[in-house]
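K.L.:
The chain contents come next:
Protein chains: 2
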Amino acid sequence: MPQSKITNIMIEFEHIKKLSRTSPSKIVLLIMDGLGGLPHTKTGKTELESAKKPNLNRIARDSLCGLTDPVSPGITPGSAPGHLAIFGYDPVKYNIGRGVVEALGIDWDLKPDEIAARGNFCTVDDKGIITDRRARRIPTAKNTELCRALNKIAINGVEISMLPVKEHRFVLILHGEALSPDLADSDPQQAGLAPRKIEALSPQAQRTAEIANEFVSQARKLLRVEVSANMVLLRGFSRRPDIPLIPEIYKLKPAAIATYPMYRGLAKLVGMQVLPGGETITAQLNSLHLYYADHDFFFVHFKTTDARGEDGDFRAKVQAIEELDNALPNLLNLDPEVLIITGDHSTPATLAQHSWHPVPFMLRSKWCRPDNVTEFSERACLAGGMGRFPAMEIMPLAMANALKLDKFGA
Amino acid sequence: MPQSKITNIMIEFEHIKKLSRTSPSKIVLLIMDGLGGLPHTKTGKTELESAKKPNLNRIARDSLCGLTDPVSPGITPGSAPGHLAIFGYDPVKYNIGRGVVEALGIDWDLKPDEIAARGNFCTVDDKGIITDRRARRIPTAKNTELCRALNKIAINGVEISMLPVKEHRFVLILHGEALSPDLADSDPQQAGLAPRKIEALSPQAQRTAEIANEFVSQARKLLRVEVSANMVLLRGFSRRPDIPLIPEIYKLKPAAIATYPMYRGLAKLVGMQVLPGGETITAQLNSLHLYYADHDFFFVHFKTTDARGEDGDFRAKVQAIEELDNALPNLLNLDPEVLIITGDHSTPATLAQHSWHPVPFMLRSKWCRPDNVTEFSERACLAGGMGRFPAMEIMPLAMANALKLDKFGA
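Same order as they appear, the protein sequences are chains D and P.
For the first sequence, counting from 1, position 167 maps to 167 in this note's numbering; every step adds exactly one.
For the second sequence, counting from 1, position 170 maps to 170 in this note's numbering; every step adds exactly one.
For the record, the hints were derived by calculation from the structure and aren't laboratory data.
Be aware that a few hints might be false.
A short list of chain P residues far from chain D (calculated; beta carbon distances all over 12 Å) [what the hints assert, rightly or not]: (1) 12; (2) 396; (3) 401.
Below, a list of computed lysine to any residue pairs in the SDA-like style, where the Cα atoms sit at most 25 Å apart [as the list claims (entries may be wrong)]: (4) D:93 - P:374; (5) D:45 - P:374; (6) D:166 - P:406; (7) P:407 - D:137; (8) D:93 - P:92; (9) P:366 - D:166; (10) D:197 - P:374.
This one's a predicted model, so the numbers in the text were calculated from it and none came from an experiment.
Glycine included, each C-beta is placed from N, C-alpha and C at the ideal position.
I would like the entire structure built from these sequences, with the hints used as guidance.
P.N.:
This is the structure in structure tokens:
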């Protein structure tokens, strides 16, 4: 399995596991998804630099600040590696498949003997050539209806579940014995080509490839009458990975408050208990209050910064930051022993997509060594006490500042 | 002060290969050889800090700046590792022999069954002691004549090619079956000693060692009549390494514009097409214009900064920087999507040799996140957005800023 080159040796779970200990102190990790930005062409200021954010700035003054590289310089992370790195997992070693992430994202409790694939309904012409990879984004209701029809496909020795997601997106679950996720995509990722036959990437995957191809063939027949969604594309075949859990590694009792299914799924994957949240950050922080006594680690996920960044709406991303800043007093009055505010990656509104740029980070605790940073922003954090550092180092820092790590060595 | 710790996760070619994609955007990598310097004892300013360089400063203002470690802190790189690191190759893993680099530098298309060594014609006294390692820098024409004579040396089972380079320098090629490059140098690297007998460093190299010693012995006889060039020194026995190529790793169509043979050789080794250049940076940049449409990656090599640094001529190195700065507008009007200006290592004029000091770096692109650096110099770049970072991270950054890297993970 590929492993990253880590200079920080102690990040290896075997070491951290030996040093970690339970204590009553609380760690709150607030992830502002897609937090990092780029300067607006007119003002020269990033989204964070443009936002009115007195609370974030006040926290920065008392914090240890820095900029994190979620994976490594130049690499744009998807949501899964972005979060896993923050939770302390080597995102290359624990590279979670697309199918798994999608399945977790719709609250499907993926079993070890299930294979998940991300699917698209698509449009093909008479010759079977893809004309629209997204089947003109059929309504979700139509998707649900089609999934119900395809659920009836029967193939010997395997149970099939078609799970609708949004518009043209679905998840295919294959449940059975001796299945292997070692399959190439059928999705050629562009129109003008025919869907590919699904190839086994290892001998053990031969039977699973046949099953998947048989599924596609039957689906094609059943969908023939459809105008837009007359074919399916599959990609990211994967199985729930067997990964060490946060309660085991860090001896924490972790909980997650996230509005989007995918982040709840990721949280479950690493052993967090998912708490009820609500749609707004205010509701999420109310939930934090409600369950504060029951856990010692809280992952609070704020999605709006990323969503507005992906929309390319600079102003709306600034407003999302201000909305969060406004809600912060309700978090601050809990006064957690360790408060971390950062992002899983950058999503500059000017770029309107995830990016490789490092992400502002701050950690406040009684035991942090504050630096000279007085503002929470990309440029200000550059001068912070952590400088630029790998996101994988966040968890040991959090644990240390919560006085939950023993001394190493004699 | 910002610092970058090496995670280098995605630098592994297997990962970058999966993420890289072709796009029309252009990357120009301008290497000012030996760029980094040390303060002049009188003024306290480095060569870069002393130079009048309005164009470099202007670029720095719009750039992401930093300081690179070519290999790692404290390590002084040769030209090959200095450049290979910038091209994304682990310079320790891909340690290219001197003989290979020299052979490639004179356009010798080195075959896998050939062993190359870098050679010097030298002067020895009656007792065989070296009095001048460079044979008073004999003219290249004389060198060519001598090489022609030594080409006639016949040794059983091996074909010998003596290739003249410049002044006292040549390349020896041994071509034959079951040869091994695992040989120690004959060159003791200082006058006052006798040339060493070439030792086999492994049992398989025994026969090759005998061949090489026989060659030296016959060469000594043939050169006995010469006044200056009456002996040869050999070093860096090596074989062409099997390394992944830039077009495969990054899906780029790379080209090199370099006046010195060695850099053209290195460029060829990593799969670049070598373009005609000319002797001055102005001529090189004209060549860049001429071939700009045909490639998407350009390595432009400026040698003078290193040459004047090695001469120990502070003033001349400052002038070399100013000469380059003067030529820059002709590069800037191409407005490449990504422009990188850095060096392969430092060559402080006060030290008059390559050194271990980190090297100023800047990257300008529409998508870089500019920092507060307003001057291109060692001290100013220290506060840059990249902080201090390994040169091996340059290529992923270049690719990201050219929007030539896909997102990693779901």
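K.L.:
State for each hint whether it applies.
P.N.:
Hint by hint, here is what the structure shows:
Not every beta carbon of chain D lies more than 12 Å from that of residue 12 of chain P, the smallest distance being close to 7 Å; the non-interface claim is violated. With 12 Å as the threshold on Cβ separation, the claim that residue 396 of chain P sits away from chain D is violated: the shortest Cβ distance comes to roughly 3 Å. For residue 401 of chain P, the shortest C-beta to C-beta distance to chain D comes to about 8 Å, within the 12 Å cut-off, and the non-interface label is violated. Annotation: proposed proximity of residue 93 of chain D to residue 374 of chain P is violated, straight-line Cα distance about 39 Å (limit 25 Å).
About 17 Å separates the Cα atoms of residue 45 of chain D and residue 374 of chain P, which keeps this hinted pair within 25 Å; it holds. Of the supplied pair hints, the one linking residue 166 of chain D and residue 406 of chain P holds, its CA atoms being roughly 23 Å apart against a limit of 25 Å. With a C-alpha separation of about 23 Å, the suggested pairing of residue 407 of chain P with residue 137 of chain D holds against the 25 Å cut-off. Distance check on the hinted pair: residue 93 of chain D and residue 92 of chain P sit about 23 Å apart at the alpha-carbon level, within 25 Å; holds.
Distance restraint check for residue 366 of chain P and residue 166 of chain D: the Cα-Cα separation of roughly 34 Å exceeds the 25 Å cut-off, and the hinted pair is therefore not satisfied. Restraint check for residue 197 of chain D and residue 374 of chain P: not satisfied, since their Cα atoms lie roughly 55 Å apart, outside the 25 Å limit.
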